[in-house]
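**Q** Here is what each chain is made of, one letter per residue.
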Amino acid sequence: MINDIIRDYFAMFRIGNLRKNNLATFFAFYFIGMTLCGPFLSHTEIFWRVVTVQFAVFAPIAFSYFSVLAHPIRLPKMMYLCPMQPDERRKYIYGSYYFRIGVHMLPGVLGVCTAVVYSYCDIFSVIEMLLNDLTVALLISREQEAGGIVIGDIIFVIAILSSMIQVGIIGDDKPDMGMKAVLFAVFCLVQLPLEIRHLKSAGKQLQAAVSFENAIH
Amino acid sequence: MNLLQAENLFKKIGSFRLNNISFEIPAGYLCGLIGENGAGKTTLLHLILGLYHADGGSLLIDGMDYADKEKQIHDLIGTVLVEDLMNPSMTLMENADSYGKYYSGYHRECMEKYLSLFHLEKERKFGRLSKGEKLKCQFAFALSHDARLLILDEPTGNFDPGFRKQFFQIIKEFIADGTRSVILATHITEDLDHMADYIIYLEEGNLIFTGDIEQLHQCYRMVSGERYKINLLPPERIIHLEDGAYGTRALIAHSRLNRYDKSLTVWNPTIEELMYFYTKRRKD
Chain A
34 MINDIIRDYF
44 AMFRIGNLRK
54 NNLATFFAFY
64 FIGMTLCGPF
74 LSHTEIFWRV
84 VTVQFAVFAP
94 IAFSYFSVLA
104 HPIRLPKMMY
114 LCPMQPDERR
124 KYIYGSYYFR
134 IGVHMLPGVL
144 GVCTAVVYSY
154 CDIFSVIEML
164 LNDLTVALLI
174 SREQEAGGIV
184 IGDIIFVIAI
194 LSSMIQVGII
204 GDDKPDMGMK
214 AVLFAVFCLV
224 QLPLEIRHLK
234 SAGKQLQAAV
244 SFENAIH
Chain B
96 MNLLQAENLF
106 KKIGSFRLNN
116 ISFEIPAGYL
126 CGLIGENGAG
136 KTTLLHLILG
146 LYHADGGSLL
156 IDGMDYADKE
166 KQIHDLIGTV
176 LVEDLMNPSM
186 TLMENADSYG
196 KYYSGYHREC
206 MEKYLSLFHL
216 EKERKFGRLS
226 KGEKLKCQFA
236 FALSHDARLL
246 ILDEPTGNFD
256 PGFRKQFFQI
266 IKEFIADGTR
276 SVILATHITE
286 DLDHMADYII
296 YLEEGNLIFT
306 GDIEQLHQCY
316 RMVSGERYKI
326 NLLPPERIIH
336 LEDGAYGTRA
346 LIAHSRLNRY
356 DKSLTVWNPT
366 IEELMYFYTK
376 RRKD
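Protein sequence lines, in the order shown, are assigned to chains A and B. With the first sequence counted from 1, adding 33 to any position gets you the working numbering. With the second sequence counted from 1, adding 95 to any position gets you the working numbering.
Calculated from the structure, these hints are not laboratory results. Only a predicted model underlies this, so the values are computations on that prediction, with no experimental measurement involved. Heads up, a few of these hints could be off.
What the hints assert, rightly or not - Taking lysine to aspartate or glutamate and the DMTMM-like style, the derived pairs with C-alpha atoms no more than 20 Å apart in a straight line are:
(1) B:K220 to A:D37
(2) A:K110 to B:E165
(3) B:K226 to B:E216
(4) B:K208 to B:E268
(5) B:K166 to A:D37
(6) B:K166 to A:E246
(7) B:K164 to A:D120
(8) B:K196 to A:E246
(9) B:K166 to A:D120
(10) A:K124 to B:D163
(11) B:K208 to B:E228
(12) A:K110 to B:E178
(13) B:K166 to A:E121
(14) B:K164 to A:E246
(15) B:K196 to A:D37
(16) A:K110 to B:E249
(17) A:K110 to B:E189
(18) A:K124 to B:E268
(19) B:K220 to A:D41
(20) A:K110 to B:D248
(21) B:K164 to A:E121
(22) B:K196 to A:D41
(23) A:K110 to B:D170
(24) B:K217 to B:E204
(25) B:K107 to A:E246
(26) B:K208 to B:D163
(27) A:K237 to A:E121
(28) A:K110 to B:D179
(29) B:K196 to A:D120
(30) A:K110 to B:D192
Produce the entire structure from the sequences given, and follow the hints as far as they go.
**A** This is the structure in C-alpha cells:
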C-alpha cells in the first residue's frame, strides 16, 4: 500500500496546479521577490546568508501549500472501482494523508536546521517555525473546505506573515523578545483555533472520502 | 439466471431524480442503455458500479448486494468510462499491474495480449495517448481480469470504424459462453440494432422501455402513409406522428391483435426511431 501512496502522491504533484489558485500564485511571486530583494532590505551584510535563511523559512510553507492544492482528499476514481473493502479504502486515505504530512514536514525540518546554522535562532524560534510549518502541513485541499470561508487560505496567509516576522527576528543578533511573544500569542490565539477548526472539517472530509459519492458532494 | 437485478431503484441528485427503475439482465446478454443526454444513463451506471448509493429500491449483482459484498461485486465488474481512469504519468502496463493486483482474476499476459491486439505500446505513458487509445487501454484492462459484467459508458464514439468492428467482435466472444453480460451505454444506436439482446431506454430519469429486442419489436411499430389513414388508428396508440415531404410517419404502440390499413407501410422501428419519436412527443 505504501508504494501505491508514494506513487499516487508524486503522480498528482504538478506545478500547473499553482495556476489554478490566485493566492498561491501571488505568494509564489511574493516569495521569489522577497528572496531576491531581501538583501537590500535587511541589516546584515552577507547577501547569500539572507537569501538562504529566507528560502529555508518560506520554501517549506510554500511547498506544503502547493502540495495541498495538488492533492485532493479523495482517491482516484479507479480506486473506488477496484475490489476493496471500505476499511481498506479508509486505511489508504488516512495513510495518504499522514504520508503527506510527513512529506510536508521534511522540508520544514531541513529549513529549520538551515536557519539554525545561518541565523541567530534560539529554541523558541525553532519551535515557532516548526509549529508554523505544521499548521500548513496539516491542511486539506481548499476544494473540500466546508462553508464559505476558506480556512486553509487564511492559515496559509497567517503562516507566511508569521514567517516574515520570524525572518526579521532570527536575522538580528539582538533577540527581540517582544516580537517573539507577539508571534507566540498570534499562534495561540489565532493560528491554533483556526487549525483546530480546520482539522475538525478535515476529519469529516477524510471519513467522507471512503465513499465516492460523499467524496465528490 | 439474472446477472443483474434492479427493483424500484430511486436516486435523487440535486434536482434530478431517477425514478423507480426496474430491470433484469440475464447472463449472456448484451444490454444497450439508451437515452438522451441527461436521461440518467450515467447515474444508473454509477449505481450499478457502486459509486452511488440508491436512495430506494434494491440492486443485486450476481445475487449480491453492495451493502455487504462490495469487494466481491467489484471483482466481477470490468469498466470503461468516458473519463480517464488511469494514472497519466505511468505506462500502460504499470497502470494495469498497479490496479490489477486488487482483482483476483487479473492476468498480466492477457493485458499484454489485448494491448498488442489493439496496437498499443505497453511502455507508453497513459497521459500521452489519444482519447480513443485511452479507451482502448481501459477496455483491454477490463477484459484482462476475468470480469463477468462489463460496464461500458459510451466508448464507441471515439473508436475508428475498423476498431469498432473489432470491439463488437470481442463483445460477442465475451458473452458467447452464456455466463457473462455487457451493459453498453451509447448514442450510436445502429450498433445496438444489430447486436443488442436487451434494451433499457431512459428519459428524464424515467424508464420508458426495458426488455429484449423481441419484446421491443412486439410492442412498437412504425407506420408510414397518408395522415388521415394513420389518424384512424386509436389515438392512445399513436405515440407521436410526424409529417414529412412525402407522407406522414408515426410510432405506434403495437399488440398482436392490431391490424393496419393495407395502404400503410408498417415496419419494426429501429432504436433510433424509437428514441426520436419519444423525444419529439415529450418536446411537443
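**Q** A separate judgement is required for each hint: does it hold in the structure or not?
**A** Going down the list of hints, with the structure as the test:
1. B:K220 to A:D37: holds (17 Å)
2. A:K110 to B:E165: Answer holds: A:K110 to B:E165 is near 15 Å, not above 20 Å.
3. B:K226 to B:E216: holds (15 Å)
4. B:K208 to B:E268: With a Cα-Cα distance of about 15 Å, the restraint between B:K208 and B:E268 holds, given a limit of 20 Å.
5. B:K166 to A:D37: The given pair, whose Cα atoms are some 19 Å apart, holds under the 20 Å limit.
6. B:K166 to A:E246: holds (17 Å)
7. B:K164 to A:D120: holds (13 Å)
8. B:K196 to A:E246: Distance ~24 Å between B:K196 and A:E246 Cα, so the pair is violated.
9. B:K166 to A:D120: holds (11 Å)
10. A:K124 to B:D163: Since the Cα atoms of A:K124 and B:D163 sit roughly 18 Å apart, the hinted pair holds (cutoff 20 Å).
11. B:K208 to B:E228: holds (15 Å)
12. A:K110 to B:E178: holds (9 Å)
13. B:K166 to A:E121: Between B:K166 and A:E121 the Cα gap is close to 10 Å, so the pair holds against 20 Å.
14. B:K164 to A:E246: Given that 20 Å is the threshold and the Cα spacing comes to 18 Å, the pair holds.
15. B:K196 to A:D37: Answer holds: B:K196 to A:D37 is near 11 Å, not above 20 Å.
16. A:K110 to B:E249: holds (17 Å)
17. A:K110 to B:E189: holds (17 Å)
18. A:K124 to B:E268: violated (39 Å)
19. B:K220 to A:D41: Measuring from Cα to Cα gives roughly 15 Å; hence the hint holds.
20. A:K110 to B:D248: holds (15 Å)
21. B:K164 to A:E121: holds (14 Å)
22. B:K196 to A:D41: holds (15 Å)
23. A:K110 to B:D170: holds (16 Å)
24. B:K217 to B:E204: With Cα atoms ~12 Å apart, B:K217 and B:E204 stay inside 20 Å; holds.
25. B:K107 to A:E246: This hinted pair holds, its Cα atoms lying about 12 Å apart.
26. B:K208 to B:D163: Status violated; Cα separation ~34 Å.
27. A:K237 to A:E121: Holds, because 18 Å separates the two Cα atoms, which is no more than 20 Å.
28. A:K110 to B:D179: Roughly 9 Å between the alpha carbons, so the hint for A:K110 and B:D179 holds.
29. B:K196 to A:D120: Holds - the C-alpha atoms of A:D120 and B:K196 are around 17 Å apart, at most 20 Å.
30. A:K110 to B:D192: holds (17 Å)
Of the numbered hints listed earlier, those contradicted by the structure are 8, 18 and 26.
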